[in-house]
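Work the whole structure out from these sequences, hints included.
Chains as they are written, first to last, in our numbering: chain A, 47 to 161; chain B, -16 to 95.
None of these hints come from the bench; they were simulated from the model. Keep in mind that the hints are not guaranteed to be accurate.
[Unchecked claim] Here are the simulated DMTMM-like pairs of lysine to aspartate or glutamate, each with C-alpha atoms no more than 20 Å apart in a straight line:
#	chain 1	residue 1	chain 2	residue 2
1	A	K103	A	E121
2	A	K59	A	D131
3	B	K37	A	E149
4	B	K51	B	D14
5	B	K20	A	E149
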Amino acid sequence: KAGVTQTPRYLIKTRGQQVTLSCSPISGHRSVSWYQQTPGQGLQFLFEYFSETQRNKGNFPGRFSGRQFSNSRSEMNVSTLELGDSALYLCASSLGTSGAYNEQFFGPGTRLTVL
Amino acid sequence: DQQVKQNSPSLSVQEGRISILNCDYTNSMFDYFLWYKKYPAEGPTFLISISSIKDKNEDGRFTVFLNKSAKHLSLHIVPSQPGDSAVYFCAAPRGGGNQFYFGTGTSLTVIP
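If you want it as C-alpha cells, here you go:
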C-alpha cells in the first residue's frame, strides 16, 4: 500500500508570494489533515478535510486555506507569505471515521523557506 | 496555547539502558494519548497509544504510563537501541477524531 505523498518536498519563496502544497493520501483514506511544524512549536494543526469539506480548523489566519478533491487529494495554499511561515508542512491521512480516534499516517512533509 | 507539553527538548541515553520521555498536558478532559516517532526527512509514525481508562500500555520495548491526577504521561523504552534515535512527540485529540494537539518533541539520541 503506497504511503502518503507530498509535493514538492522543498520550496523557496519570497515574502508576499503565494504557495500551493499538495498531498495525496493513502488509497481509501478520506480524511486529510495539515500541520505546520516549526522549531519550539511542535506540530500545529491547520485544518482537516473530509469528503471535500473542511471539517475542522485550527487557529491560523485566513492566509492559510485548503481544499480537497473528489479523489481525496488535498492542497493547501498560503497567500502573502511572511518570514514566519517558514516551516515543515505535514499532511496526514486517515480513514476519517467519526466518533473514533483514527490513526494518522503522515507524509514526509514539504519544507517551505520564505526569504 | 500549548495544551500538550514536552519540557525536555533532548535526551541522550546509552545503548541498553532505559529511555524515559515525558509529556504533560493541561486539559483533564483528554481521554486518549498517542506517541509518534519522527526520523529526519520523514513524517511522524505512530508508536503507541493509551486510553485514559488505563494507566499503562505496553508494546514490546515500549511502555506508556499515564498519571491522570498529575496530568502526566511518560514513554519508557527498554532496552534502548541506536535505531531508537529520533524525535518523539506526544499528542492528544482536540475535539474531533482526526485532529490532535502535539507536543514540541523530544530528540532522543541513543549512544552505542
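How the hints compare with the structure:
Restraint check: the Cα-Cα separation between A:K103 and A:E121 comes to about 15 Å, which is no more than 20 Å; the hinted pair holds. For the hint linking A:K59 to A:D131, the alpha-carbon distance of about 10 Å falls within 20 Å, and the restraint holds. Distance restraint check for B:K37 and A:E149: the Cα-Cα separation of roughly 19 Å lies within the 20 Å cut-off, and the hinted pair is therefore satisfied. The hinted pair formed by B:K51 and B:D14 meets the criterion: a straight-line CA distance of about 10 Å does not exceed 20 Å.
Between B:K20 and A:E149 the CA atoms are separated by roughly 13 Å; this keeps the pair inside 20 Å, and the hint holds.
Consistency with the previously given hints is maintained throughout, with no hint failing.
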